[in-house]
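Taken in order, these protein sequences are the chains called U and P. Numbering-wise, numbering that gives the first Met the number 0 puts 19 at position 20 of the first sequence, and it's gapless, one number per residue. Numbering-wise, numbering that gives the first Met the number 0 puts 173 at position 174 of the second sequence, and it's gapless, one number per residue.
By construction, these hints were calculated from the structure, which means they are not laboratory data. Just so you know, not all the hints are guaranteed correct.
The list makes no distinction among identical chains, and a pair is therefore deemed to hold if it is satisfied within one copy or across any two copies.
[Stated by the list, open to error] 20 Å max Cα-Cα, derived EDC-like pairs, lysine to aspartate or glutamate:
#, residue 1, residue 2
1, Lys-244, Asp-124
2, Lys-166, Glu-153
3, Lys-122, Glu-153
4, Lys-122, Asp-247
5, Lys-110, Asp-178
6, Lys-67, Asp-2
7, Lys-176, Asp-195
8, Lys-176, Asp-247
9, Lys-259, Glu-153
10, Lys-259, Glu-220
There are 2 protein chains.
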Amino acid sequence: MSDSRPIGVFDSGIGGLTVVRALTHHLPHENIIYFGDTARVPYGSKSPQVVRDYAAQDTDVLLQHKVKIIVVACNTVSAVALDVVQKRSRVPVVGVIIPGAEAAVQATKKKRVGVIGTVGTIKSDAYVNALRQIDPSVQAFSQACPLFVPLAEEGWTEHKATELIAKEYLFPLTLEKIDALILGCTHYPLLRNVIDNTLHHAVALIDSGEATAQAVAVLLEEQGMKNMSRLKPNLQFYVSDVPHKFTDVGERFLGQRLGKVHRVPAFPA
Amino acid sequence: MSDSRPIGVFDSGIGGLTVVRALTHHLPHENIIYFGDTARVPYGSKSPQVVRDYAAQDTDVLLQHKVKIIVVACNTVSAVALDVVQKRSRVPVVGVIIPGAEAAVQATKKKRVGVIGTVGTIKSDAYVNALRQIDPSVQAFSQACPLFVPLAEEGWTEHKATELIAKEYLFPLTLEKIDALILGCTHYPLLRNVIDNTLHHAVALIDSGEATAQAVAVLLEEQGMKNMSRLKPNLQFYVSDVPHKFTDVGERFLGQRLGKVHRVPAFPA
């Protein structure tokens, strides 16, 4: 059996390209369609109600492309609107929360896990609830880090100011003696070095996107939905806006050339 | 003559409340209707095309309320879409660029003016062009400061990291020996102290919102459009999203209690 339909991935913006990067690593033969809602980014500072409206529209963009699975790369959407995507979709839906939480439970020895993310993700307690469900003996401690996204987008990944900000955000978590930390936002892997240094290399950093890509690979294998073609796979990128420096920033997140990017009209259609 | 219709003010989000604050100071008897597009904020990192689409929709929200004048508090909209607002509106339209540039020309003695703003505002060269038109002998130097908005919203106005970031952004402008600096974004007045310290109190800081409020007062006076009623004026606040901490952050920007905030449905209607 072979299923050449693309994997659909959506995100509030370009951060989800770090998830595409992980997918191309674990599933190098899959066609992928990405949609980034760059005209309305960010979602992480907005209310659940608005994020749920946007998530429904983003899902429809991917469904128009006959995707075989929907990967919700955006942590905020995964946290507050996964049910919206699932209800709308006839294909399997994978968010980043459960895979990220599972990877953290496997990584922690002291059963003390930290979670960082946007205000929306942290306020939802989605990771905390997932951790508890997977292993009720795990204690979770969370911290919103609103400045990390603009710092990653500005490319200030090694800047002294970023170190200071990381220190301030992460200090309460160090007091809790966590030994695993979920990077609960697509942008945070770009700040991995500064986070790792701030935590004195003593905490396992869990990239939810990476964990999600592995979960998608397992799911496609189990369901017999992998693409068996060995033709060069097709990666297609759709966005609702093509702002200044889009390609530069996007390629930094994706880790390779973006190629042609299509703009889809503003919402709703 | 007395015109009790409200002044309409719109912005990409809550930053424009600093302009409302200046308006209530200069025009304490005017009714004001504010619209903040908090569901799609920020505009400053988005393309001119998208900002123009949003500006048209924002204008329509205010026009439905029979405003007597439209004040475009958002620097990015004023820079890239003022013509869109003007074309759509039968009432006078005032943006923040010309008043800000005029105030800077009056303030500079060395004829060397700096401009800071969002990527969208700076790339448009709107302030630079306005300065040249008002006084061709003025030299302008501009710098985008993308991290200033999230820092102001996070409330980190006195933080060491903010000082470092301000130093980095403003350093090229100090080399140009500017003696006036346009704060070309509604959020920047909240960082006035750190900017002033970074520039060693040697540069006149021009608050475009303040200059705009003064321009609006003059215009209403000249056109006989002031409200002569001495009843307590009515301030009404509309937003497209009511995110977490909205009231806290909004009241910091406005400098007074917000009262009831109305949510308008997502766009387009």
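Hints and how they fare:
1. Lys-244 x Asp-124: Intra 33 Å, inter 17 Å, cutoff 20 Å: inter-copy only.
2. Lys-166 x Glu-153: both (19 Å within a copy, 16 Å between copies)
3. Lys-122 x Glu-153: So Lys-122 and Glu-153 pass the 20 Å test across copies only (16 Å; inside, 25 Å).
4. Lys-122 x Asp-247: between (31 Å within a copy, 16 Å between copies)
5. Lys-110 x Asp-178: within (8 Å within a copy, 57 Å between copies)
6. Lys-67 x Asp-2: within (8 Å within a copy, 60 Å between copies)
7. Lys-176 x Asp-195: within (14 Å within a copy, 40 Å between copies)
8. Lys-176 x Asp-247: Neither: 37 Å inside a chain and 32 Å across chains, both beyond 20 Å.
9. Lys-259 x Glu-153: Result: close neither inside a copy nor across copies, 23 Å intra and 36 Å inter.
10. Lys-259 x Glu-220: Answer is neither; intra-copy 30 Å and inter-copy 53 Å both fail.
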